[in-house]
Amino acid sequence: MKLQFELLLIWVLNALALIAVANFVPGIHVDGFTAALIAAFFLGLVNTLIRPLLLLLTLPVTLVTLGMFIFVINGTLFWLVGSVLRGFVVDSFWHGVWGAVLYSIFTWALSAAAAQLMRPHQK
Numbered sequence: 136m137k138l139q140f141e142l143l144l145i146w147v148l149n150a151l152a153l154i155a156v157a158n159f160v161p162g163i164h165v166d167g168f169t170a171a172l173i174a175a176f177f178l179g180l181v182n183t184l185i186r187p188l189l190l191l192l193t194l195p196v197t198l199v200t201l202g203m204f205i206f207v208i209n210g211t212l213f214w215l216v217g218s219v220l221r222g223f224v225v226d227s228f229w230h231g232v233w234g235a236v237l238y239s240i241f242t243w244a245l246s247a248a249a250a251q252l253m254r255p256h257q258k
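In our numbering, the protein residues as written are 136 to 258.
Keep in mind that the hints were calculated from the coordinates and are not lab data. All values derive from a computational prediction rather than experimental measurement. Even for Gly, the Cβ is constructed at its ideal location relative to N, Cα and C.
Using C-beta positions, here's what the derived DEER-type ranges look like:
#1 A248 / P195: 33 to 39 Å
#2 M136 / S227: 40 to 46 Å
#3 S239 / L142: 14 to 20 Å
#4 V196 / P255: 43 to 49 Å
#5 T183 / K137: 16 to 22 Å
#6 L180 / M203: 21 to 27 Å
#7 S218 / K137: 32 to 38 Å
Let the sequences and hints guide you as you build the complete structure.
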């Protein structure tokens, strides 16, 4: 039960992060909280299933660019999800790169804050 609550909480926090990204990056548009929930779900799926395979296939390029190619992969996947879903639009590749960077920062911060709040208080 606790794991299900945590997964639901992370999903909601990711949707909120996506709405925040849409407010900061002018080329990213989210039609509402429901669209953000759906987009957050698909971003999680893509990052879990497709991203590791792409990272493995592009490892030589990533090594040559000292890891900078990961920004290209993240931006492309963010842009891809935005081009497939209704209610979540990413206007261009570069908006996808900036959106992916901000989304990572926001989800990290929100998850860290939630973990801190859910941790039992120690005396």
